[in-house]
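K.L.:
Residue numbers (the numbering used here): 67 to 509.
If you are wondering where the hints come from, they were derived from the structure by calculation, not from laboratory data.
Hints should not be assumed to be uniformly reliable.
[Claimed, not checked] Computed beta-carbon distance windows for the label pairs:
(1) Gly-118 with Ala-146: 22 to 30 Å
(2) Glu-190 with Val-102: 31 to 39 Å
(3) Ser-301 with Ala-324: 15 to 23 Å
(4) Ser-121 with Pro-359: 23 to 31 Å
(5) Pro-359 with Gly-332: 29 to 37 Å
(6) Gln-492 with Glu-296: 14 to 22 Å
Note that the structure is a prediction, hence the values are computed from the model and not measured.
For each residue, glycine too, the CB sits at the ideal point set by N, CA and C.
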Amino acid sequence: MSDYVLEVFSDTRRLGTLQYEPEHDDFSLNYDPEWVASPVGYALSPQLPLNGSGSSRAIRRFLENLLPEGVALDVASRDARVTRNNIFGLIRHLGHETAGALSFLPPNGGFAEQETMRRALPFEELEQRIADRANRPFNIWDGKVRMSIAGHQDKLLVERREGRLFLVDGSLSSTHILKPEPFGVATPCMVANEHYCMSLANRMSHRRFGSDMAAAVEILRMPSPVLSVERFDRSRKDDRIERLHIIDGCQALDLSVAAKYERNLGDGPQVQHIRDGASFEKLGALRSLLVEPALGMQRIAIWAVTTLLFGNSDAHGKNISFRVTRAGLSVTALYDLVSVVQYDRFDHSLAMAFGDVFALEEVRAFALADFCERLGVPRPYFARELTRLCRLAIEEAPAQAKEPAYQGDEVKFVAQLAGYVAARAQALLAMASDIAKFKADNF
67 MSDYVLEVFS
77 DTRRLGTLQY
87 EPEHDDFSLN
97 YDPEWVASPV
107 GYALSPQLPL
117 NGSGSSRAIR
127 RFLENLLPEG
137 VALDVASRDA
147 RVTRNNIFGL
157 IRHLGHETAG
167 ALSFLPPNGG
177 FAEQETMRRA
187 LPFEELEQRI
197 ADRANRPFNI
207 WDGKVRMSIA
217 GHQDKLLVER
227 REGRLFLVDG
237 SLSSTHILKP
247 EPFGVATPCM
257 VANEHYCMSL
267 ANRMSHRRFG
277 SDMAAAVEIL
287 RMPSPVLSVE
297 RFDRSRKDDR
307 IERLHIIDGC
317 QALDLSVAAK
327 YERNLGDGPQ
337 VQHIRDGASF
347 EKLGALRSLL
357 VEPALGMQRI
367 AIWAVTTLLF
377 GNSDAHGKNI
387 SFRVTRAGLS
397 VTALYDLVSV
407 VQYDRFDHSL
417 AMAFGDVFAL
427 EEVRAFALAD
437 FCERLGVPRP
447 YFARELTRLC
457 RLAIEEAPAQ
467 AKEPAYQGDE
477 VKFVAQLAGY
487 VAARAQALLA
497 MASDIAKFKA
507 DNF
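Could you build the full structure based on these sequences and the hints that come with them?
P.N.:
Right, dumping it as structure tokens:
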């Protein structure tokens, strides 16, 4: 049944095969013995171990999390002429360059057989395609679907080289993700919003830790604004781009895309008590799998602080990722940091609760202490870090808003956003000292 077999590659090295059995709708993943024996050979996720014992359901969930969502998935399924729930068909169609290091290719279709292609993408062409999204899907270029990373937003994978943009294929890899303003949605200045939040996070982390904690971003002008996000799952070695294997929180926890929100059945009064989706408590359970447990928990806690400071209420289980090596998991750079509360059209309920609190404005010291207990970080430590980061936010929020990266309506938008962040920081500072006062038996 070679029609239902795909070779799985990590960067350019084959690691095994993915097989689908359509009659029973079963998946199997078989690692090559050479990969298992290799000192750099890793399991694709904690639930897909090198001994090949991963279940069909775990494989399906892992693959499903590689796919785009929403309209982008609709476009991909139409282009592939398969249904949205045909996971194998979609992975076969989109699997050349996924998030991370993995590629899924037909038998004997390895990288040596792939035609290498680097095609220049002028700003003028990109501007034209952005303007024409009502008529042409943004993820189809040169007659093929080019977006094969998860998420709802319009995105385009490109290589940035010496100030120019390129579409790449074959053995070549993209280095950046381009995100234009959302199409047909009332979210003004979203590019500036994400640029501001990501840049502010890095300003704060530079002063606190001496390094970036978020992916590097830049606003490109076509002249329409486009956010350029440097891929943290790529590493340049000499003149070659190396792909690094990452998984998102849902893949690490063996959850489906449908469980990326803690309230996996929604916020309705009859189901809001059901909380089987991604949560800080579940993320805390990954501690034993982390290469550096203390550092990993610190990064997750800081990600939570950005949710509180920026009003990123949609920070869900697919908005945190882990680098995977044979040694274990490491939390990656942060991404998709956005102040969702700036837009009234969106629900502002938190994707993951602090303690039992899902309303951002209702998070108080007790909820934060409960959060620490569930995540598994010491309350005094978190209170100290929260205090330091809030003080930095008060200083850096207005400074970032004055950066020359913003133009036109963006200037007023980020000034308003800076005021929001500073006010949130003041409110959190006022409760930080009470976090350590609670004891474990209070929860």
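K.L.:
Each hint needs a verdict: does it hold in this structure or not?
P.N.:
Do the hints match the structure? See the list:
1. Our hint of 22 to 30 Å for Gly-118 and Ala-146 holds, since their Cβ atoms are close to 28 Å apart.
2. With their beta carbons about 49 Å apart, Glu-190 and Val-102 fall outside the hinted range of 31 to 39 Å.
3. Between Ser-301 and Ala-324 the CB atoms are about 32 Å apart, so this pair departs from the stated range of 15 to 23 Å.
4. Taking 23 to 31 Å as the suggested C-beta distance range, the pair Ser-121 and Pro-359 conforms, at roughly 27 Å.
5. Pro-359 and Gly-332 have their C-beta atoms about 33 Å apart, which keeps the hinted 29 to 37 Å range intact.
6. Remark: the range hint 14 to 22 Å for Gln-492 to Glu-296 is contradicted by a beta-carbon distance near 32 Å.
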